[in-house]
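Turn these sequences into a full structure, and let the hints steer you where they fit.
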Amino acid sequence: STAAKMAAQSSEIDETMKKLTSHPGFMGFLIIDKDGIPIRSSLDHAEAVQYAGLLSLLAMKSRAAVRELDPQNDVTFLRLRSKKHEILVAPDKEYILMVIQSPQIKA
Amino acid sequence: EEEEEAQKEVAREADIVHSNAMSKSLKIMERMVNQNTWDEIAQDYRYWDDQSDSFKEGEGTLLPLWKFWTEKVRRKHVTALCWSPEYHDLFAVGYGSYDFMKQGAGVICCFSLKNPSHPEYSFTTETGVMCVDFHPQHSSLLAVGCYDGTVMIFDIRNKLNKPIFQSTVKTGKHTDPVWQVCWQDEDLAKNLNFFSISSDGRVTLWTMSKNELQFTDVMELKLTGIANSGAEEAGEETSLVGLAGGACFDFHASSEHLFIVGTEEGKIHKCSKAYNSQYLDTYNGHYMSVYAVKWNGFHPRVFLSASADWTVKLWDHQQKQPLMSFDLGNAVGDVCWSPYSSSVFAAVTNDGKVHVFDLMENKHEPMCDQKVVRKSKLTHVSFNPRQPLLLVGDDRGGVLCLKLSPNLRKTEETRAKEKLAQAAAAGGGDLRKPAPRKRGAEGEGQAASEEKVKTPMELEIEKLDKLLTLSEKVNR
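These protein sequence lines are chains G and V, in that order. Under my numbering, the first residue of the first sequence carries the number 25, and numbering increases by one thereafter. Under my numbering, the first residue of the second sequence carries the number 2, and numbering increases by one thereafter.
Warning: the hint list may mix true and false statements.
Heads up, incomplete: computed chain G residues facing chain V, CB under 8 Å, no partners named [stated by the list, open to error]: (1) E36; (2) D116; (3) Q125.
It is worth saying that the hints were derived from the structure and are not from the lab. By construction, the Cβ of each residue, glycine as well, lies at the ideal position given by its N, Cα and C atoms.
Here is the structure:
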């Protein structure tokens with residue numbers, strides 16, 4: 025029953041999203057499609073569009089760099105650590121998933 | 002027209018968000034986020050070792066790493082801990098209640114060390130879970146025993162919250178809590194099977210065939226000793242007086258048919274799968290319920306027992322009297338041998354302390370007796386098979402992971418190397434000269450080039466032999 029499996033999978037995905045959003049230090053997430061349009065996000069629209077534009081460029085550049093060094097290789101994951109927070113990017117053919125996390129303050 | 006487009010857009014978006022690829026990305030993302038959060042602890046787990054151990058002989062410490070807990074298990078007791086045989090960062094925890102007045106539903110959670118915030122898999126059962134065991138080869142199969150006597154098999158990969166097999170009243174369910182379950186190797190017909198023990202006095206073999214769980218009572222624990230004296234007609238007397246309550250068991254690693262059983266009466270019985278009406282031997286040492294019996298991982302004759310009478314006793318199965326007895330000052334919940342040394346074991350007690358002994362260093366005092374939880378009792382302990390980690394469960398639903406300091410992790414191999422290093426440093430030495438043989442097995446390292454090199458396993462067994470002067474005792 026593929027329908028049941030898909031239902032189970034989508035509920036699993038929703039659960040994982042919920043876990044991520046309730047994780048300490050979580051600041052926001054964004055999913056954009058291959059055209060760079062934000063599909064889902066926890067940021068407000070202006071911010072989402074800004075992140076989408078800037079980070080999809082970065083993801084493309086990093087993929088180009090890796091592939092030029094070795095055409096058989098490809099980017100799997102991107103982590104950008106800055107003074108204020110860390111941006112985690114999971115690029116894919118169909119979409120790009122991004123999560124912003126702030127450094128852990130001792131609870 | 003536009004509406005259709007918009008609808009298609011929405012459908013397409015939903016698809017992307019719920020696709021397989023997204024699921025994978027999210028999983029990796031979750032792990033990364035957790036790695037960031039717990040970064041300090043992850044670094045400690047990997048790299049930190051207590052340097053002061055080199056100055057403190059005969060003492061070690063436990064470093065608390067992660068605590069695993071979820072809201073679902075808030076008021077439950079940890080009743081079972083089991084590391085996965087295949088994935089060394091995965092372990093299963095069973096939750097239930099040891100208080101017969103307050104029973105509730107049971108929970109099983111499988112946690113990974115890489116994600117302390119949330120279990121990787123979790124299942125619930127109707128009554129409290131009392132024991133869990135991973136299959137040694139099929140590492141997704143988990144055997145579970147419950148408070149109401151049911152045994153079940155879960156496949157943890159299943160998304161549904163249901164076991165793949167479950168015993169019922171008609172199929173031989175126990176009539177009392179199942180205290181321990183243990184998988185065996187596949188039988189000749191390639192069927193998977195496991196044993197269970199319960200306080201209804203039965204030791205039962207369950208075979209997982211194609212569509213059902215079949216049971217065979219391998220043993221009924223007859224009461225022996227004063228309560229039953231004068232009962233020559235064993236058959237009749239058992240039905241009047243009842244059976245002994247089984248509380249724990251352990252199967253011998255090499256002599257497949259041999260196993261030991263600990264009972265609620267305090268007696269330990271040596272049994273064989275081939276003789277189901279008689280005990281091979283009985284060991285009287287404890288006078289309260291025996292909570293755990295464990296064969297030594299190296300030496301074939303030695304086993305440990307832990308009891309509510311505050312003691313842990315060390316036995317040679319060929320002798321009626323214990324070789325050693327350790328009083329831990331409070332009821333002992335569980336005891337576990339280390340996988341790397343034949344003389345190291347850990348025990349946990351009701352006052353929240355973990356006691357680690359290394360018989361090679363000190364035969365009477367623990368190397369470490371450290372209080373790791375406040376205001377709770379520790380119920381179970383388990384060594385990780387590969388890493389220097391200890392897991393302890395308490396009666397508040399929490400599982401704590403501790404790192405063992407170097408002094409607690411000494412194996413014969415490291416001792417031999419240390420001696421070599423010391424001799425080299427001290428002597429400016431002539432290493433070609435064999436070491437004085439007075440140290441027996443430990444001189445092995447230096448003479449190795451001249452003789453056959455012993456395996457770590459052999460070294461460990463010899464060490465325990467010498468330590469407990471076992472080879473000198475006459476076999477009966």
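How the hints compare with the structure:
The interface hint given for E36 of chain G holds, since its Cβ lies 7 Å from the closest Cβ of chain V, which is under the 8 Å cut-off. Given the 8 Å rule on beta carbons, the hint for D116 of chain G holds: about 5 Å separates it from the nearest Cβ of chain V. Restraint check, Q125 of chain G versus chain V: the minimum CB separation of about 6 Å is within 8 Å; hint holds.
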